[in-house]
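Once you have looked at the hints, place chains B and C on chain A.
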Amino acid sequence: MEVMIKMPDLSTTDGSDILIVKWVAGVGDLVERGQVLLEVETDKAVQEVECIFKGTLTAQLAPAGAAVPVGAVIASIEVER
Amino acid sequence: MSKDNNPEFLLNLLERMIEIREFEEGVRFLFLEGAMPGTIHQCQGQEATAVGVCSALGKEDYITSTFRGHGHALAKGLSMQEMLDELFGATTGCCKGKGGSMHIGNIDKGMVPGVAIVGGGIPLAAGMALSLKLNKNPGVIACFFGDGAVAEGAFHEAVNMASLWNLPVIFVCENNLYGASTRIDLVMKNTTISERAASYGFGGETVDGNNVLAVHEATKQALTRCRSGQGPYLLELLTYRRVGHSRRDPGHYQPKSERQDWFSRDPINYFASRLIADGLIDAQGVKELKDTVIARFEAAVKQAKRAPMPTLADLETDVFAAKEPA
Amino acid sequence: MKRQSIAEALRDGIVEEMQRDPRVFCIGEDIGVPGGWGGAFTVTLGLHEKFPDRTINTPIAELGFFGIAVGAAIMGSRPIADVQYGDFLFLASDQIINNAAKLRYMSGGQLSVPLVMRAPVGATGRGSQHAQNMERFFTCVPGLKVVAPSNAYDAKGLLKAAVRDDNPVMIFEHKLLYGSKGARAEPGAVDATSDIPEYDFTVPLDKAAVIREGGDVTLIAWLLMAHFSHAAAVDLARSSIAAEVVDVRSLSPLDWNTLLASARKTGRVVIVEEGPKSGGVGAEIAAGLSERLPGLAIARVASPDIPVPFSPTLEHAYRPDAARITDAVRRLLAH
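Protein chains in written order, with my numbering: chain A, 1 to 81; chain B, 1 to 326; chain C, 1 to 335.
Chain A on its own, in the form it takes in the complex (with noise of 0.2 Å):
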């Protein structure tokens, strides 16, 4: 089953877009909850974010380089069930 995965709400003043600093998993790679998928950057603070599913990660939808709203879907994950 596929999982959109949105960008967590991380940031620690609302509504700022988060910077994706660099993606971790690569596409193809198996994730387990947890794991870090990326790393983001919110209020000049760098942190990981953490994968929810066990599964293979399909896609990344957003680059490294970009900054995504809260709730913008960044990737796809193909959930083990």
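There could be a bad hint or two in this list.
[Claimed, not checked] The calculated lysine-lysine pairs, modelled on PhoX-like cross-linking and capped at a C-alpha distance of 25 Å, are:
{"id": "1", "chain 1": "B", "residue 1": "Lys220", "chain 2": "B", "residue 2": "Lys136"}
{"id": "2", "chain 1": "B", "residue 1": "Lys136", "chain 2": "B", "residue 2": "Lys59"}
{"id": "3", "chain 1": "A", "residue 1": "Lys54", "chain 2": "B", "residue 2": "Lys287"}
{"id": "4", "chain 1": "B", "residue 1": "Lys302", "chain 2": "B", "residue 2": "Lys290"}
{"id": "5", "chain 1": "B", "residue 1": "Lys302", "chain 2": "A", "residue 2": "Lys54"}
{"id": "6", "chain 1": "B", "residue 1": "Lys136", "chain 2": "C", "residue 2": "Lys50"}
Because the hints were derived from the structure by calculation, they are not lab data. Please read all numbers here as calculations on a predicted model, not as lab measurements.
Relative to the frame of chain A, chains B and C by itself:
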């Protein structure tokens, strides 16, 4: 054979700590998913303080807590269901959805809903102890607060009066080295918090807060003192939180080396290793405990997501208590 | 029946409630020192001899002991906590406002806080930090009940009702109305004595009282200003102006039924308050009346927006008096 060597008791301590860790981790992911409203202040890494203290308390004892109270709640006996329902804002939550994460509690299970003002629960706990004492009730209050609260005037005033009047309250300071993002050495010159008790004329000690049996034992002794009318006790528990102050805090003020050092002394890993070494359980048994807890959590989340939400009819209720017949 | 001052009536009320209910206790500074004052205004004089275990004398720690009182209340005790001067309530604000007022709601009804808090207010030559009228800082807090007795009968009845109520109740008492005697007598004190019956009685916590009837204008006031408004009404009667005087008594919740009935009857309202005009309880009364009775003529008599001064001529100018009240009535009638 003391209770401490009872396998059932020891395994229960482990399960209680695993329950807190998996609950907190599960809630953390619900937030990352965007499924949960509001905010959270979590306690991963501080399981041994909650479980060590609460496992020593009796039915007549109460706890007060703070905005970081999920662990205390589970350790005191609140159910995952009533807590998750509350976190989702449902009417079946422990506070009917009117409190939220920072005010989790169930007075029937001996936990006052959390006071989110730093230090705000400390005078409350002393007052509860005063009431017990006036009623000649043998109960004791365990008052949880963090290292940050010790700077508040409320701490100073409350412990002074508790000492003056020999109130049956254990002041449990979970010293995780940080008040929000500020390290403890930036806010006090004292090297321990427990030493301050002497300046108010009562006793205290500093204990390894990541050793659940040490915490349990220290609490038992403090309870005996309190119940015999010797007055309060300041129990400083050294511990560490693995997560940020609140859900939007990445915790970058915690140096990497410090984190690694504390993670190597994780309270659950440490205790599980001990029990495995003593032959009470094996690695597979620990995994099964964890899986069972996770399954319970997921079932509770499923139910919480279907729980009834408050309506406008609930908005203005529970402000005042109805008049008691004279 | 006996004639008593507010201080005497409160003292009897507290003693009777402590005799009636063993859960009631008093907590405050200087309230239980043998040979002491019985609090700053003698209200608790002699209490310690009668109830040594239930008259708790505290260090100077308002935040701490108000919090202790809240904690005791959630466990079923029924404390009466007091400050020596209302101005000191600010020190206890967190425990009153963030705990006492909110614990029931945020616990979803699990907890109740049957706590009574007493505070003396009013300017009495002691300077700006021992002089404020503090009602306004608490009437705006949901979860608190606020009352203010202008006479001994109401003081005793409200005190008893407050002790028996399961919610946090603040009782504001005016320093010039206590009727304290001897060394604790206040210059400028006003007679607020009443005939007090022997039998047990309470006064409802949510009702105002019409203390003088009239059809031309309504004077709305409480505490000392209720007395000055009454004096103003007597003076106005000599000019054939019939002023009705309403003693607000319950500042939160406000008794809109009584206030509105009078406002409808006279069509003109003068609200008299000791304390700065801006942001006072009078502002809430004016707004509430205006919403409900559009076109109602409303005026407020209050203190200027300044801290309370010391020098007697300045303090006298600060405190509204009967002359300023009658002036306001005449100006309102002239429109």
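In ascending order, which of the hints set out earlier in this document are inconsistent with the structure? none
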